[in-house]
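Given chain A's structure and the hints, the job is docking chain B onto it.
Going down the list, the sequences are from chains A and B.
Position one of the first sequence corresponds to residue 1 (my numbering), numbered consecutively onward.
Position one of the second sequence corresponds to residue 1001 (my numbering), numbered consecutively onward.
Just a few of them, taken from the derived set where beta-carbon distance is under 7 Å, the chain B residues facing chain A:
1. V1120
2. E1172
3. R1214
Just so you know, the hints here were simulated from the structure itself, not pulled from any lab data.
For glycine and all other residues, C-beta sits at the position ideal for the given N, C-alpha and C.
Protein chains: 2
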Amino acid sequence: MTALLALDWGTTSLRAARIAADGTVLEERHLGERGILHVEPGGFPAVFAQALAGWDPAPGTRVLACGMVGSRQGWVEAPYCACPAGAPELVRALAWIPEAAPGVRLGLVPGLSTEDADGVPDVLRGEETQVLGALDLLGIDDGLFVLPGTHSKWLTVRSGRITDFATSMTGEVYGLLRHQSILARTLPPDDGPLDAEAFVAGVRRARSAGGLLRSAFGVRALSLFDRLPEAARPSHLSGLVIGEELRVHLAAAGGQSPILVGSPALAERYTLALQALGQGSRSVPAATWRGLWRIARALESTP
Amino acid sequence: MTALLALDWGTTSLRAARIAADGTVLEERHLGERGILHVEPGGFPAVFAQALAGWDPAPGTRVLACGMVGSRQGWVEAPYCACPAGAPELVRALAWIPEAAPGVRLGLVPGLSTEDADGVPDVLRGEETQVLGALDLLGIDDGLFVLPGTHSKWLTVRSGRITDFATSMTGEVYGLLRHQSILARTLPPDDGPLDAEAFVAGVRRARSAGGLLRSAFGVRALSLFDRLPEAARPSHLSGLVIGEELRVHLAAAGGQSPILVGSPALAERYTLALQALGQGSRSVPAATWRGLWRIARALESTP
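So here's chain A without its partners, still in its complex pose (with noise of 0.2 Å):
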């Protein structure tokens, strides 16, 4: 029997889950291009009544959302809780729509907010709840997270609740460098297959370069001179940006083993360069399902 409807509603896609009171996904569904940026301004009721569609739930049946649909662009603004936050304090803060369909109340998972010892502030949203779902699954309380993807989040949890975390432009600042930048002359038109020589090479070129305004240039140069064949290029830049997310992060970690979350072939990739650089590391899939089906147990026992 359902015990949760669960939407992970981000900016391009979404996607809805039945979950049951032990946390077995019953079934699951991808509506595709009905990420907040598809929705036409007051059109999230039915894209959310589509979502649910014959799913009707029963009385009692926790309805619960995460991602980008509570950000001031989303449905209803779920403003970010504040670090140190698990499932108590995200449960304090979700933000109700009382009829979000006829009978039914969704509560929109928050985002986080931290800052850093400099008053600089950092934000995400959806992770959260990967974090909280990856938890579950390992069964563990405490580590570090890396969430790898367009902007990579490193988050740190202690006893069950996310204490602090950082973001690094990642994937985005590989895809400009990679299109966009006088690079792309030099690379081909598609990655093609990991050429993990030429990648594992970058990441310790991220290391010794000491930053990646300068490591980058080598691509180019490297290029000039027929020392990098083509087809390994964007390997070898892929471990240049993400040495240099390692570079930064690790630094900061002091030593602990990361918990990578997410695809298999970006955990692959991550776990590839953290071993080029003596670092051991586990890997467990995206979990989502699992961390909305977390908070609505926590909701369960919140008076």
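Below, chain B alone, put in the same frame as chain A:
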């Protein structure tokens, strides 16, 4: 009397000058969009004739050009000359076009190449001439020269020879982050005048954040919380990117005081950044004509 006809022939623009035996610039022409990108196949002789029209060189007049005209995409390739290199080495590596115009022999100044401790090469073309000119203007033979720009160059000179250099993609990465990344959404359409306070805060932040991938996202988070006025955001981002360049290259410079070569606007910005880091510096204007004149003098004394 003209002793040297000099051309500064880059990717997008072409300038020419008549220079006297004592280095005085007698006349200068800007030919606008006659950079090598705008020259059709086989079109170099016609543009060359246009650049020097009416200056009919007397027998014995030297004609020299520097810049991308000597690249693989230019008129004739002047292969990179390996460091260390000063005027004598550049003279020996000039690529000659025997009949660039009827009776006129044109020498193309080569670019430079180097290789760092990791075995990664670096290249430049045009900056070698500017640095030779700056040495001459300042009457010195040693120094750490910084040529800020799209691709900033840091050159070490010992006894009149460029012994080593390194490139950072500073200007290009600023443009990509400012106009093409997620940060563009929160930045005003125009950069506006420099906000010195926001710029210096960016330079300082670059040092403590440890890497641009991380520090850049701060612009977004500060904007979300209205903690950085919209008009100050381009200056702050500029400080983050220039500060990142300084972080990496000053660490390798071992306390040497940089000499800035180039446009007064950029030199002013770098001077401000260096001051914020407690690092003195001095500036000298772009000195391409002086550099070509110095190479011409070295040519005179070559057997």
